[in-house]
Amino acid sequence: MMLKIENLHASIEDNEILRGLNLELNAGEVHAIMGPNGSGKSTLANVLIGREGYDVSGSVRFQGQDLLALSPEDRAAAGVFLAFQHPVEIPGVGNLYFMRTALNSLRRQRGQDELDPVDFLALAQERMELVEMDQSFMSRSVNEGFSGGEKKRNEILQMAILEPKLAILDETDSGLDIDALRVVANGVNALRSEGRGMLVITHHQRLLDYIVPDRVHVMAAGQIVRSGDKDLALELEKHGYAGMTQQHSQASRVPVGATL
Amino acid sequence: MSAPVTTTGISDEVRDLANQEYRYGFVTDLDTDVAPKGLNEDIIALISAKKNEPDWLLESRLRAYRHWITLAEPTWQHVAYAPIDYQDIIYYAAPKPKKQVASMDEVDPELREMFDKLGISLGEQERLSGVAVDAIVDSVSVATTFKKKLADVGVIFCSFSEAVQNHPDLVRRYLGSVVPYKDNFFACLNAAVFTDGSFCYIPKGVHCPMELSTYFRINAADTGQFERTLIIAEEGAYVSYLEGCTAPVRDKNQLHAAVVELVALQDAQIKYSTVQNWYPGDADGNGGVYNFVTKRGMAAGRNSKISWTQVETGSAITWKYPGVILKGDNSVGEFYSVALTSRHQQADTGSKMVHLGKNTRSTIISKAISAGHGQNTYRGLVGIRHSATGARNFTQCDSLLIGKDCGAHTFPYVEVKNPTGQVEHEASTSKIGEEQLLYCRQRGIPEEEAVSMIVNGFCREVFKKLPMEFAVEAQKLLTVSLEGAVG
Numbered sequence: 001m002m003l004k005i006e007n008l009h010a011s012i013e014d015n016e017i018l019r020g021l022n023l024e025l026n027a028g029e030v031h032a033i034m035g036p037n038g039s040g041k042s043t044l045a046n047v048l049i050g051r052e053g054y055d056v057s058g059s060v061r062f063q064g065q066d067l068l069a070l071s072p073e074d075r076a077a078a079g080v081f082l083a084f085q086h087p088v089e090i091p092g093v094g095n096l097y098f099m100r101t102a103l104n105s106l107r108r109q110r111g112q113d114e115l116d117p118v119d120f121l122a123l124a125q126e127r128m129e130l131v132e133m134d135q136s137f138m139s140r141s142v143n144e145g146f147s148g149g150e151k152k153r154n155e156i157l158q159m160a161i162l163e164p165k166l167a168i169l170d171e172t173d174s175g176l177d178i179d180a181l182r183v184v185a186n187g188v189n190a191l192r193s194e195g196r197g198m199l200v201i202t203h204h205q206r207l208l209d210y211i212v213p214d215r216v217h218v219m220a221a222g223q224i225v226r227s228g229d230k231d232l233a234l235e236l237e238k239h240g241y242a243g244m245t246q247q248h249s250q251a252s253r254v255p256v257g258a259t260l
Numbered sequence: 001m002s003a004p005v006t007t008t009g010i011s012d013e014v015r016d017l018a019n020q021e022y023r024y025g026f027v028t029d030l031d032t033d034v035a036p037k038g039l040n041e042d043i044i045a046l047i048s049a050k051k052n053e054p055d056w057l058l059e060s061r062l063r064a065y066r067h068w069i070t071l072a073e074p075t076w077q078h079v080a081y082a083p084i085d086y087q088d089i090i091y092y093a094a095p096k097p098k099k100q101v102a103s104m105d106e107v108d109p110e111l112r113e114m115f116d117k118l119g120i121s122l123g124e125q126e127r128l129s130g131v132a133v134d135a136i137v138d139s140v141s142v143a144t145t146f147k148k149k150l151a152d153v154g155v156i157f158c159s160f161s162e163a164v165q166n167h168p169d170l171v172r173r174y175l176g177s178v179v180p181y182k183d184n185f186f187a188c189l190n191a192a193v194f195t196d197g198s199f200c201y202i203p204k205g206v207h208c209p210m211e212l213s214t215y216f217r218i219n220a221a222d223t224g225q226f227e228r229t230l231i232i233a234e235e236g237a238y239v240s241y242l243e244g245c246t247a248p249v250r251d252k253n254q255l256h257a258a259v260v261e262l263v264a265l266q267d268a269q270i271k272y273s274t275v276q277n278w279y280p281g282d283a284d285g286n287g288g289v290y291n292f293v294t295k296r297g298m299a300a301g302r303n304s305k306i307s308w309t310q311v312e313t314g315s316a317i318t319w320k321y322p323g324v325i326l327k328g329d330n331s332v333g334e335f336y337s338v339a340l341t342s343r344h345q346q347a348d349t350g351s352k353m354v355h356l357g358k359n360t361r362s363t364i365i366s367k368a369i370s371a372g373h374g375q376n377t378y379r380g381l382v383g384i385r386h387s388a389t390g391a392r393n394f395t396q397c398d399s400l401l402i403g404k405d406c407g408a409h410t411f412p413y414v415e416v417k418n419p420t421g422q423v424e425h426e427a428s429t430s431k432i433g434e435e436q437l438l439y440c441r442q443r444g445i446p447e448e449e450a451v452s453m454i455v456n457g458f459c460r461e462v463f464k465k466l467p468m469e470f471a472v473e474a475q476k477l478l479t480v481s482l483e484g485a486v487g
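Respectively, the protein sequence lines represent chains A and B.
Mind the numbering: the first sequence is residues 1 to 260 in this note's numbering, read in order.
Mind the numbering: the second sequence is residues 1 to 487 in this note's numbering, read in order.
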């Protein structure tokens, strides 16, 4: 088991957002997490990477480690990566330099040798092809002046360079036109591997036409209310979240922590 | 759902600056020739006599002194400090030379060692970087490197005292021509008591073959440092000049009131860069240097250009407004600044651009970073006079706040007397982004390194203007100064 989340609660200023969430993910699997706005999808991503400001309880084991006890950078070193929904701009910091610093920080924390700029450039160039980015992006400041699609591609590029064990994609499809979506999805698919797990958070079934998941989970009111194979996403599209939420109100009678 | 905005996070995360040790805080045990404390006409006569100055210079000092005693210290700046007792300061301190030195190899080994510790080599043969250095300890220039090589192309680079002896006509002609003694309280004090500094003269049409650099060091206790620097670029000449400063850790405040004057004639260009790292005081705000400095350039000739670039990370208080008087038609003035205040440091700094000539252009880029209890003020004056038809200015002031106990302030003054003048002012203030920090950390970059990276990015526009060697030093300095700012 790569990731095991048990009875996860998270609240922010007395507002409980995650309410006893359970999830298990094996290495090599891609799980989709779907759900309406406000169901807690992004909060789950934030809690997994260690964003501050939440009161968190419950257990998250990542490769046997207590993930919640680690700082954000230590979680990154352990192999957790988030493709942000809204990647932030960092003016004056070159994209290539940023990625090299990130990779070398991870390598350092793992006791590996750092890559020199020449070797890193070769690596970056190879990975850039995956997301069809050209070199001009690398000399620009991190995300500065990037279009929405460029930012998302830049996230996937970082994922390709940093090679995480667990990749969380937070609404990577939002704001993308169909061509950009295809590019991003191709990049993600190329990075699927036996040793890597992925959590694909999305609002729309559309993305799952391109990134076909092994499991689909539906979130509502801070819990996973249904899990199934990829057909669940199609069912969801047919019936909408309303149908699921109804089932959730039945499910919520089940004791907290019970597996649905 | 979008990421929640939290009110905790960084402001909790960022604590006051830890007592990061100031790396240049050591004291060197030098045998020093010191004048008694206090200021009066006798002390000024003593300074002048020590330096074997001509009568006109003594007269000029006394004239300044007599004016100075009628002046009151300025209070308009946005800084706070206890009154300075000007009678409790030593106005002349000089390391005693063991003997007259004929070459660099004969410089007092203790002095050489001190500069080695500072990372400045006074041995010419060891310097591969092609930078000529004038080293000034307390009030006296102790060594100037590469003099001969520079003399071969007609460049004069020496201590101010030497220039008074060997080039009195040039000194007399230009001293006080850009910053007259009546200019302000501290400049007036300097005109009365200045002890040494650098002098630099680039003859007509000469592109100075190497960077010139002055390294200032305050060593003696209770000593004020009052240097005077004068740089003259004749028609078509070019020079790039660097200035670095450090001081030992002292629990009392030390006064540093320097004056720098630049003169650029037709088609001449002067680039003046400063990395100021005077002792900033301890974590509780005790001690540190008061850096009250007047720096001004006269873009006297047509098409002349003067650029100031400064990186200010040290000093308890910084009070300086490097400016340019754009007198020649089509002349250009530039000011690029990074000012960092952490601990209890205060900075009131900016630029003064006065447009007199036609089609003159000026640019001001100011980047202020505040951390800890630091207070950072940008103060700038852009003046476009009647005669300055077609003059243009662009000013950009950006402030970055780290933590919740610091402050940033902006006081731009604009005076436009010619209707064709164009003045643009842009200003921004941002908190170092929680989002930016999280983004970096999520990628595995530790928090302190992330802060340093974000801050260096914020300053990149200015660092690009520094000579390569200095740019690297400036980045390191910023990183060191920010250590302990988080976590």
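Just so you know, these hints were derived from the structure itself, not from any lab.
You may find that some hints are simply not true.
Stated by the list, open to error - Computed list of lysine-lysine pairs in DSS-like fashion (alpha-carbon distance at most 30 Å, straight line):
| id | chain 1 | residue 1 | chain 2 | residue 2 |
| --- | --- | --- | --- | --- |
| 1 | A | K230 | A | K4 |
| 2 | A | K151 | B | K431 |
| 3 | B | K182 | B | K404 |
| 4 | B | K50 | B | K37 |
| 5 | B | K148 | A | K151 |
| 6 | B | K148 | B | K465 |
As the list claims (entries may be wrong) - Okay, the calculated beta carbon distance ranges per label pair:
| id | chain 1 | residue 1 | chain 2 | residue 2 | range |
| --- | --- | --- | --- | --- | --- |
| 7 | B | L57 | A | D116 | 18 to 24 Å |
| 8 | A | S71 | B | P180 | 54 to 60 Å |
| 9 | B | W76 | A | S71 | 43 to 49 Å |
| 10 | A | R61 | B | E448 | 27 to 33 Å |
None of these values were measured; they are calculated from a predicted model.
For every residue, glycine included, the Cβ atom is placed at its ideal position computed from N, Cα and C.
How the hints compare with the structure:
Between the alpha carbons of K230/A and K4/A the distance comes to roughly 21 Å, so the proposed pair stays at or under 30 Å and holds. Between K151/A and K431/B the CA atoms are separated by roughly 22 Å; this keeps the pair inside 30 Å, and the hint holds. At most 30 Å may separate the alpha-carbon atoms for a hinted pair to count; K182/B and K404/B exceed this at roughly 40 Å. Restraint check for K50/B and K37/B: the C-alpha separation of about 16 Å stays at or below 30 Å, so the hint holds.
About 56 Å separates the Cα atoms of K148/B and K151/A, which puts this hinted pair outside 30 Å; it is violated. Between K148/B and K465/B the CA atoms are separated by roughly 29 Å; this keeps the pair inside 30 Å, and the hint holds. Between L57/B and D116/A the Cβ separation comes to about 56 Å, which falls outside the hinted range of 18 to 24 Å. As the Cβ distance of S71/A to P180/B is approximately 58 Å, the hint placing it in 54 to 60 Å holds.
Taking the beta carbon of each, W76/B and S71/A are about 46 Å apart, inside 43 to 49 Å as hinted. Checked against the hint of 27 to 33 Å, the pair R61/A and E448/B passes, with Cβ atoms roughly 29 Å apart.
Going down the numbered hints, you'll see the structure goes against 3, 5, 7, while the others check out.
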